[in-house]
Structure formats: structure tokens, C-alpha cells
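**Student:** Residue numbers (the working numbering), protein chains in the order written: chain A, 1 to 202; chain B, 1 to 202.
Possibly wrong hints are sitting among the right ones.
You can't tell identical chains apart in this list, so a pair holds if it fits in one copy or across any two.
[As the list claims (entries may be wrong)] Calculated lysine to any residue pairs in the SDA-like style (CA-CA distance at most 25 Å, straight line):
{"no.": "1", "residue 1": "Lys183", "residue 2": "Ser40"}
{"no.": "2", "residue 1": "Lys37", "residue 2": "His67"}
{"no.": "3", "residue 1": "Lys183", "residue 2": "Leu6"}
{"no.": "4", "residue 1": "Lys118", "residue 2": "Ile156"}
{"no.": "5", "residue 1": "Lys183", "residue 2": "His50"}
{"no.": "6", "residue 1": "Lys183", "residue 2": "Asp117"}
{"no.": "7", "residue 1": "Lys183", "residue 2": "Val10"}
{"no.": "8", "residue 1": "Lys37", "residue 2": "Gly59"}
{"no.": "9", "residue 1": "Lys37", "residue 2": "Arg168"}
{"no.": "10", "residue 1": "Lys118", "residue 2": "Ser49"}
{"no.": "11", "residue 1": "Lys37", "residue 2": "Ala196"}
{"no.": "12", "residue 1": "Lys118", "residue 2": "Arg176"}
{"no.": "13", "residue 1": "Lys118", "residue 2": "Val128"}
Keep in mind the hints are simulated off the structure, nothing from the lab. Just so it is clear, the structure is predicted and the values come from calculations on it, not from any experiment.
2 protein chains.
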Amino acid sequence: MGVGPLTDPVDQIFTEGINEVIVTTYNNAAPMGIIRKNDSLSMIVFRTSHTAQNIIRNGWIVAHISHDPILFVKTAFEDLSEESFIQELIGNRIIHRLRGIQNWICCNAHIEHTTPDKLFVRLEPIHVNITQVLPIPVHRGLNNIIEATVHATRFILNEDPELARFIRHHGELVLRCGGEQDKRAMRLLYEYVNTAVPGTFL
Amino acid sequence: MGVGPLTDPVDQIFTEGINEVIVTTYNNAAPMGIIRKNDSLSMIVFRTSHTAQNIIRNGWIVAHISHDPILFVKTAFEDLSEESFIQELIGNRIIHRLRGIQNWICCNAHIEHTTPDKLFVRLEPIHVNITQVLPIPVHRGLNNIIEATVHATRFILNEDPELARFIRHHGELVLRCGGEQDKRAMRLLYEYVNTAVPGTFL
């Protein structure tokens, strides 16, 4: 059920395992993990999310490659304004992508199977907008923001204190290893969590 | 005491905070964090390391940009063979860099100050070998390998069980989020730790 051998440049961009991108659907953006396995691309999406509802209705997503810590945190916890999106005609559909992000891949999104909670979505790249960039090193500030964001979205649902402990651990590393943007992103994350679960982080 | 305004492309490659690279010195390679702060680049190096001894003697390093999880783990825990290095004349010095890595920056390494344990080293880029690449997404497999590696090098020194817990946490995430290379790197890491501190990971 794979997409078959991937074609360049998508083949080189997504490596085996989970690739963290910002996914847009109709008027919506959220951080998502794109799974590459056996040369096929897929995503697992919670049914309650806007992303799931939009995929069911429209059958497309746009995956944006970004290293902006603020964007990851913001799109995890709030809706972006309508002006954040650019509409573009791809094939015979209008897609919504993020303004100011140069590298994006538009995909058909096929629902392969569902559970009561989740959609299993196969992705088929149909349009690629990629420009070469300077290579950048792994950055522990950004990495720890991503880890904290994943834990925080789950913590808000289940309030597991173990997750709060991990979030704090990653927050301390962001203070030690991050730049100003990473630290701003982490403060923002603490605010979102405290709004959802008052008193978690003092 | 900064290097002054950084010049492109180094300015765009290293962002504020800690940038994880593979640093070579004379016949030696190790993962290191290059710190960018106030437009200057620096590293903090443990005096007991080969890297520190070589910097004191020779005054240069080469920073390699890599996203290879195996290379990060291997160079953290063992010495690479001599054939892993290429010698190259930069200015009036022979430097040693890693075979097969396209993107590297050779720097003068000035010791700014020292403590009984550490060297504080200011880096001044003097030669840049950088080719543009396809943009790649943040990858949680690789990220969790990097976090586990940092904890593991410290765990071997102090055997703090809290660090072993974090290593195991990151290892579980690598199993969930990583590709085959990431999983191989994690198995290698567990082996190195178990050799240094028998019985840590069963």
C-alpha cells in the first residue's frame, strides 16, 4: 500500500522514521509527524483535530519544512490568523499554505483506515516547492522545543504528571542550549499549558 | 572578545545557542557543541579530552555538519581509525578532517580562559567548505540520539541513575520515532554504556 518508490527531491527530504513538519489543511496549520516507512509516507491524525476533519473533507495537505521554534509551539496550541495563509491552485484544487515558508510539498491525503480515535493517512506528493539551502547543524535548543511541544499537547489531554516532568526537563535544556527564539518559544509553551491546566508551571 | 560580525555562510549556518557538530583535531573526532552568542563562536572543552590536548598544542579545529546518528554515537565513545581522516593544507597548517563529509568549517581555536576542568575556546572561522543541500525536517529519531549521547557521556563519568533514566526515555523514543540507522545508533550507544558501566541497560 506504499506510494511506491519516492521521487527526488521528496526521497531525500524525508528519511525513515518521523519527520516533524508544519502541516496545513483548509485555513489550518499544525505540527505533525510525517512517517516514512518502506518508501511510503503517512501520518496518524487524531479524529478530533481540525487537520483530520479537513483531510476527510478535502483530501489534501501541505507539509512545510521549518526550523522555527515559535511556529511549532504556536501552531500546536492556537489557530493562525487567515492572513497567515496563501491560497494557491495546484491541479484543480485551491490549497492553503503558509506565507513566508519557502519549502513545501503538497500531497494527496488518502485515508487508509480509521479507529475510533485516529485516522491513518497515506500521503502522495503531487507538487514540490523546494529550494536548496545552507546545511545547518542539529540544534539542541530547537530539538528540546519539539520534544516539549509533543509532550505538552499530550499533557493537556491527560494531565499525566510524568509528562509535566519531561516538559520541565526540556525547558531547562532550552534555557541552557537555546537562543533567544528558543527561549521565547519555551515561555510561550509554558503559557499555553498553564492556560489549559492552571498552575502546572510556576 | 567576540569574533566580530560573522560572515556568510558561517553566519547563517550557526544560530544562537548550541549547534551540535563533529569536531576534528589532530587524528581525533568528537561530537561538540559550538556556542553562538553575541555573534561570536566558542566551545567549552573538558581538559581531559583529546580535543583539549590537541587544541592546546595546535590551535585549530574543523567543525563538520552531519546528521548521521551513528557518527555522533561512535565519535562520542571511540577513536576513529586513521583512514577516517583526510589531511589538507589550510594556510600554513595541515588540518585533519573527516572523509566523506561535504560540509566543514576550519577554525582557529584560541584559548580564552581555563578552569581546572575546562577550556573556554574562542573559534575564528578561517576556511569554509559548504555546498547547498536540500532542506530537511527536524527528525525526532536523530534528536533523541543526540540527547541520549550527551547524557551517556556524562553518565559514564558520574553514574547518576537520573541520567540512565533519561537515556532509556530517549531510547524508547528512538524505537518509536527513528529509522533503522537511528535504532542501530541507539543499540551501539547502549553497548558503549554497558561496557563502561556493566549492567546499566539490560
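**Student:** Which holds for Lys37 with Ala196 at a C-alpha limit of 25 Å: within a copy, between copies, both or neither?
**Tutor:** neither (34 Å within a copy, 34 Å between copies)
**Student:** Cα distance capped at 25 Å. Does Lys183 pair with Ser40 within a copy, between copies, both, or neither?
**Tutor:** Classified as between: cross-chain Cα gap 19 Å, same-chain 35 Å, threshold 25 Å.
**Student:** Go through the copies and call it for Lys118 and Ser49: within, between, both or neither, with a Cα cutoff of 25 Å.
**Tutor:** For Lys118 and Ser49, only the intra-copy Cα distance (10 Å) is at most 25 Å; the inter-copy one is 49 Å.
**Student:** How would you label the pair Lys183, His50 (within, between, both, or neither) given a Cα cut-off of 25 Å?
**Tutor:** Classified as neither; 28 Å inside a copy, 33 Å across copies.
**Student:** For the identical chains here, do Lys118 and Arg176 meet the 25 Å Cα criterion within one copy, between copies, both, or neither?
**Tutor:** between (36 Å within a copy, 17 Å between copies)
**Student:** Tell me, please, which holds for Lys37 and Gly59 at an alpha-carbon limit of 25 Å: within, between, both or neither?
**Tutor:** within (21 Å within a copy, 45 Å between copies)
**Student:** Please sort Lys183 with Asp117 into within, between, both or neither, judging by C-alpha distance up to 25 Å.
**Tutor:** Close neither inside one copy (33 Å) nor across copies (28 Å); limit 25 Å.
**Student:** One pair to classify: Lys183 and Leu6, alpha carbons no more than 25 Å apart. Within, between, both, or neither?
**Tutor:** between (37 Å within a copy, 22 Å between copies)
**Student:** Check Lys37 against His67 for me: Cα-Cα at most 25 Å, and say if that holds within a copy, between copies, both or neither.
**Tutor:** both (23 Å within a copy, 19 Å between copies)
**Student:** Measure nothing new, just compare the shortest in-copy and cross-copy C-alpha distances for Lys118 and Val128 to 25 Å and report within, between, both or neither.
**Tutor:** Close neither inside one copy (27 Å) nor across copies (47 Å); limit 25 Å.
**Student:** Is it within a copy, between copies, both, or neither that the alpha carbon of Lys118 lies no farther than 25 Å from that of Ile156?
**Tutor:** within (18 Å within a copy, 41 Å between copies)
**Student:** Using 25 Å as the alpha carbon limit, work out where Lys183 and Val10 are close: within a copy, between copies, both or neither.
**Tutor:** between (31 Å within a copy, 22 Å between copies)
Of the numbered hints stated above, those contradicted by the structure are hints 5, 6, 11 and 13, listed in ascending order.
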